[in-house]
Amino acid sequence: MTNNGRLWELLAKQFDGHITEDELRELQALLNEQQDMIPYGELLSELRGLSLRPGPEDKETKGNSLSTIMQSIRGKREETAAGEMVAETAGRRKGFYAWVGVAAAVLVIGTVYFFRKDARGGSSPAESYDKIVTKTGSRTLINLPDSSTVVLNSACQFAYNKDFGVKKREMRLTGEAFFDIHGNPDMPLVVHAGNVIIRVLGTSFNVRAYAEDSFVEATLIKGVIEVSLKSDPERKILLRPNEKIVIRNEVGKTVSPADTTKSRAEVISVTQLAVDPRDSSYVETAWMKDKLIFRKESFASLAARMERWYQVKIALADTSLRTLLFTGSFEKETVEEAFRALQHSASFSYSIDGKTITVTRRK
Amino acid sequence: MTRNAAYILFTRLSLAEDEAAIAELHNIYFYRLYKLAYSIVGDRGAAEEITNDVFVRIWERRSLLKDVASPELYLLKCARNRALEFLRSQKMAVQLSEDELHDFPLQWEVSPEQLLISSEMVRHINKVIDQLSPRCKLIFLLVKESNLKYKEVADLLHISIKTVEAQMSIALKKISLAVPMTFLHH
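Chains V and Y, in that order, give the protein sequences. Following our numbering, the numbering of the first sequence begins with 94 at its first residue and continues without gaps. Following our numbering, the numbering of the second sequence begins with 14 at its first residue and continues without gaps.
One or more of the hints may lead you astray.
[To be verified] As a list, the in silico EDC-like pairs of lysine to aspartate or glutamate whose alpha-carbon atoms are at most 20 Å apart:
no., chain 1, residue 1, chain 2, residue 2
1, V, K329, V, E319
2, V, K384, V, E400
3, Y, K164, V, E116
4, Y, K187, V, E102
5, Y, K186, V, D129
6, V, K406, V, E429
7, Y, K162, V, D109
8, V, K329, V, E310
9, V, K155, Y, E61
These are calculated hints, taken from the structure and not from any lab test. This structure is a prediction, so every number in the text was calculated from the model and none was measured.
Based on the sequences and whatever the hints tell you, model everything.
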């Protein structure tokens with residue numbers, strides 16, 4: 094009977110999902126001894142999948158609650174954001190609701206610059222795209238007509254087909270963006286980034302595909318995505334949540350001699366995500382939180398990210414500097430503070446001349 | 014899964030005036046916050062007001078949300094704090110002690126992909142859950158629906174981890190044993 098109590102304790106731990114491997118072995122041993130308890134173990138795992146059903150009274154409360162909250166939020170916005178309402182009206186006149194969201198984001202972030210081709214529909218060819226370009230040091234939220242959202246990092250070129258969500262969902266990206274895509278099994282969404290094609294059903298993921306980087310990187314947070322190469326569309330790779338795929342660009346500027354000798358099979362790698370143990374956030378999406386996080390990253394790659402982050406030019410004067418590895422994060426540091434911090438873990442000198450930073454080996 | 018959902022929605026809110034994100038957050042978390050508030054204040058109207066207030070505050074402070082490490086726990090803590098503030102304003106006891114938690118109804122449903130659990134069985138389960146003590150029921154709800162760790166539940170309700178463990182194993186044992194064996198062999 095004491096065993097029985099222990100058994101329930103272990104079943105509870107398993108239900109909670111925080112059972113250790115040793116405890117799991119103990120649980121299996123106990124279930125072996127008491128086989129009549131096995132169905133209860135199965136019952137509990139089924140119970141995990143059950144969902145809550147609110148009563149009719151609760152449902153009504155929930156509906157009322159949302160409208161009260163929305164009224165309260167909008168009331169506050171009208172007091173403060175007269176300029177934004179002008180932007181919204183302008184968006185409505187064009188009858189293109191998706192741009193309302195973008196217009197709002199432009200005003201909130203303030204540094205976004207975008208252009209779009211002629212918006213008068215009908216005369217435009219089927220293959221035309223709406224295009225957005227973001228400046229360095231800014232981020233842009235885009236609400237799409239199918240209620241998907243895309244957050245663009247700085248210095249991006251992003252485009253999606255004009256009749257997005259009507260017949261197809263296609264996007265092109267140069268730069269880095271986080272996608273939260275509304276599920277639609279009948280109309281998969283396709284992202285073209287460099288030489289990589291990503292097919293999406295409904296999911297959240299991050300893509301990094303800057304032209305000056307030597308690779309395209311896709312990180313999946315939730316759902317399923319299918320990745321293939323423009324040059325080899327038949328070869329498809331399925332990505333599971335918390336996995337990251339890195340694909341070397343065919344025309345990367347920073348491909349080292351050693352890399353070019355690698356066979357085609359080696360240019361693609363799939364790895365598990367590194368989660369920041371302090372707050373369980375992801376390195377890959379840290380840019381959205383105003384953080385620059387790097388783990389065992391080469392100076393060449395880090396310098397390219399720091400250029401976009403600080404809007405500077407960084408020249409590594411000696412090629413041996415390129416392979417130095419750094420781990421750390423920057424949040425509110427100035428570019429000078431960042432370089433001084435990096436000097437703690439590697440020996441180099443730097444000089445700042447306006448927006449250009451030259452890094453040399455220490456003499 | 015829901016943890017990631019909250020993380021994504023908090024990120025969206027911290028980036029822009031994203032009304033769709035607050036509506037989605039409300040859709041996912043309303044019942045959990047409402048039940049927690051209700052079990053502390055024991056009044057539907059007050060619980061609703063408290064829950065509304067949590068979402069409006071989240072909206073007002075959205076630019077700070079990017080620094081929140083655990084969005085789900087943050088929402089629940091906001092609801093708990095607002096509920097305790099409400100009790101304080103009513104000059105009532107502000108302890109989260111066992112006998113001061115109020116009972117609330119819970120109902121479960123079968124999703125189509127559940128093969129082992131029939132609607133008959135769910136009726137049994139509902140009945141047992143409703144007979145659990147208010148505290149036991151609340152702990153079960155927090156672990157089951159919000160995927161909180163025992164330590165987080167303990168922190169939220171100002172009780173020890175041992176108590177959470179004990180209450181969870183009581184809840185699971187009662188639920189399991191109430192289901193007739195015949196349902197388990199089909």
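task = Sort out which numbered hints this structure fails and list those numbers smallest first.
result = Violated hints: none; all satisfied.
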